[in-house]
Amino acid sequence: MPLSRSFFARDANLVAPDLIGCEIVIPGDGIVARIVETEAYRGMEDPAAHSFRGETPRTAPMFGPPGHAYVYFNYGMHWALNAVVGRRNGHAVLIRAAEILQGENVVRQRRQTGQKRLPDGPELLRGPGNLARGLNITGNDNRTDLCSPTSRVFISRRTEVVEAENILTSERIGIRVATDQHWRYTLAGSGAVSGVGKNKPEKINRKK
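In my numbering, the protein residues as written are 1 to 208.
It is worth saying that the hints were derived from the structure and are not from the lab.
Built from N, CA and C at the ideal position, the CB exists for glycine as well.
A hint or two may mislead.
[Stated by the list, open to error] Here are the simulated lysine to aspartate or glutamate pairs, DMTMM-like style, with alpha carbons at most 20 Å apart:
no., residue 1, residue 2
1, K203, D180
2, K203, E171
3, K203, E165
4, K203, D11
5, K203, D141
[Said to hold, decoys possible] With beta-carbon atoms standing in for the labels, derived distance ranges:
no., residue 1, residue 2, range
6, R88, Q109, 22 to 28 Å
7, N105, R58, 17 to 23 Å
8, K203, P65, 16 to 22 Å
9, T150, D180, 38 to 44 Å
10, S148, D11, 19 to 25 Å
11, E202, P57, 24 to 30 Å
12, M77, D120, 17 to 23 Å
13, N140, R176, 24 to 30 Å
14, R53, L101, 23 to 29 Å
15, G28, V177, 35 to 41 Å
16, K203, L118, 24 to 30 Å
17, R5, T159, 35 to 41 Å
18, D11, S156, 20 to 26 Å
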């Protein structure tokens, strides 16, 4: 069952941890992958967000309805999948890593193409570029409705309980500004989490 529109129509820092344990579903490929790492980007309040300077042709999806995909080409190298969140205010959540639950053979074949060392296991969808490559996410998926079961790709609710204490927060990685914000969320113990920052991840305290 896809997540509701109202799930995504919240602040990025509420949606990002709640996406941990939710599942990316691609019915046509037989793929289901559990999300284990996300990063929140908070529009014009956040210098690291693409939408920091307002709406442009590129960032227009970030100011559109929540629950849609914002897919961009990163560093001229790979695609990255984001879920548009908030209330048309430029918020988005980057999906950084996932664990494969179904369709591993399909993902492995895509990831092994052109590789000198063949990736396997938790490496297959570790990092936003590898995730997009393994799931065949491209610019054609930009603006896809992630709440619709008829979309090529959508995000489903959790099928397994994830205890709040197993969702950790730390600083975002791979950016050059606003690096002190602890707006990255990971599933404790997952081998698919893509990297470590300067500080040790800590448990979420939403009372801060």
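Quick rundown of the hints versus the structure:
The hinted pair formed by K203 and D180 meets the criterion: a straight-line CA distance of about 16 Å does not exceed 20 Å. With a C-alpha separation of about 13 Å, the suggested pair K203 and E171 falls inside the 20 Å cut-off, and the hint holds. Restraint check: the Cα-Cα separation between K203 and E165 comes to about 6 Å, which is no more than 20 Å; the hinted pair holds. Distance restraint check for K203 and D11: the Cα-Cα separation of roughly 19 Å lies within the 20 Å cut-off, and the hinted pair is therefore satisfied.
The hinted pair formed by K203 and D141 fails the criterion: a straight-line CA distance of about 33 Å is larger than 20 Å. At roughly 38 Å, the beta-carbon separation of R88 and Q109 lies outside the given 22 to 28 Å, and the hint is violated. Roughly 35 Å separates the CB atoms of N105 and R58, a value that falls outside the hinted 17 to 23 Å. Distance hint for K203 and P65: a CB-CB separation of about 32 Å, inconsistent with the stated range 16 to 22 Å.
At about 41 Å, the CB distance of T150 to D180 agrees with the hint of 38 to 44 Å. Between S148 and D11 the Cβ separation comes to about 23 Å, which falls inside the hinted range of 19 to 25 Å. The supplied range of 24 to 30 Å is broken by E202 and P57, whose beta-carbon atoms lie about 38 Å from each other. Our hint of 17 to 23 Å for M77 and D120 holds, since their Cβ atoms are close to 22 Å apart.
For the pair N140 and R176, the beta carbons lie near 29 Å from each other, so the given range of 24 to 30 Å is met. Roughly 38 Å separates the CB atoms of R53 and L101, a value that falls outside the hinted 23 to 29 Å. The beta-carbon spacing between G28 and V177, approximately 38 Å, falls within the hinted interval of 35 to 41 Å. At roughly 36 Å, the beta-carbon separation of K203 and L118 lies outside the given 24 to 30 Å, and the hint is violated.
At about 20 Å, the CB distance of R5 to T159 disagrees with the hint of 35 to 41 Å. Distance hint for D11 and S156: a CB-CB separation of about 22 Å, consistent with the stated range 20 to 26 Å.
The earlier numbered hints that this structure contradicts are 5, 6, 7, 8, 11, 14, 16, 17.
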